[in-house]
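A.B. asks: So the sequence lines, in the order shown, correspond to chains P and S. Just so you know, the first sequence maps onto residues 1 to 176 in our numbering. Just so you know, the second sequence maps onto residues 1001 to 1129 in our numbering.
Hints were generated in silico from the structure; no laboratory data involved. A couple of the hints might just be wrong.
[What the hints assert, rightly or not] List of simulated lysine to aspartate or glutamate pairs, EDC-like, C-alpha gap at most 20 Å: (1) Lys148(P) x Glu1076(S); (2) Lys1059(S) x Glu1012(S); (3) Lys148(P) x Glu1030(S); (4) Lys113(P) x Glu152(P); (5) Lys1059(S) x Glu1097(S); (6) Lys157(P) x Glu147(P); (7) Lys1059(S) x Glu82(P); (8) Lys157(P) x Glu95(P); (9) Lys157(P) x Glu1083(S); (10) Lys1059(S) x Glu95(P).
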Amino acid sequence: MPLLDRVTGTVVALLCMVLAALLIAIASGWQAVGELAVLINRLRAAPWQTALAAVVLLAAGLRLLAQVFPDRVERVLVNETELGQVRVAVQAVEEAVLRVVQQMLGVRSADVKVVLTTQGADVRLKLAATGDRTIPDLSTQVQESVEKYVRETIGVKVNSVSVEIAAVGADVRRVE
Amino acid sequence: MSEPRERSRLGELRIANEVVAVIAGLAATEVDGVAGMSGGIAGGIAEMLGRKNLTKGVKVEVGQQQAAVDLYVIVEYGVRIPEVSLNIQQNVKRAIETMTGLTVVEVNVHIQGVHLPTQEPPAEESRVI
């Protein structure tokens, strides 16, 4: 959508919603002064119609906003066949990788960031280790498992898997 | 509603976009490895209101002879996405073509999320029979 359309849509949508809020306030008994008070008194004479207009305007405003700012999920093309394209949301890959890492022995918690491009995936992991295993062993296994999972299950080539060990030690609770 | 597809002596045939979307949605969800469709905020609100939305996560473009479909899918954790996607594409294409006679030119699959199974605690064994 062109920038001008976005700006226009946003302004109209916001106006709709402000007007809707005003009508809701009037319908629920809000008091005003001056010229506005005259208009409000007219509208208050028909509270149901005013409320209905508010609902319609609110719906129109929300609808317009949804059009102006569409679903912004970042997706990357992973496969293209004669039947069509297959795109994967980055968030989906991150969730799955997180699950893979969390299931591994020696990992207490993890934070995953995936950068997907058409050339492949770069995975950045920030781990808290339990301390049961040596860090080189753990990170090598994590790298291999993540690379295998993303390549085989998601179908994306992995360029790199970087691991940062941010903490070591068991998660000991101080209270029962 | 789409343009009339066929015009015979007795009248014309129109297939609504929603019909094609329902067929596509059902065909996609019956594929193994598909956990569900991702319908965004509108789909979620419709479901909360108790309305079964069979077109959730499906966008279609229907012409007089052809159709193109976009599917927004959540897959089960552990399945191979390329394999599942191909199955979805084939199943959706077959279902639409068989049921409507339209030619499906494109089935784009968008994997929106991975459904992670919840780990339920093991049931306590009863001490008595």
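A.B. asks: Decide, hint by hint, whether the structure agrees.
C.D. replies: Each hint tested on the structure:
no.: 1; hint: Lys148(P) x Glu1076(S); result: 18 Å, holds
no.: 2; hint: Lys1059(S) x Glu1012(S); result: 25 Å, violated
no.: 3; hint: Lys148(P) x Glu1030(S); result: 28 Å, violated
no.: 4; hint: Lys113(P) x Glu152(P); result: 19 Å, holds
no.: 5; hint: Lys1059(S) x Glu1097(S); result: 16 Å, holds
no.: 6; hint: Lys157(P) x Glu147(P); result: 8 Å, holds
no.: 7; hint: Lys1059(S) x Glu82(P); result: 19 Å, holds
no.: 8; hint: Lys157(P) x Glu95(P); result: 18 Å, holds
no.: 9; hint: Lys157(P) x Glu1083(S); result: 16 Å, holds
no.: 10; hint: Lys1059(S) x Glu95(P); result: 25 Å, violated
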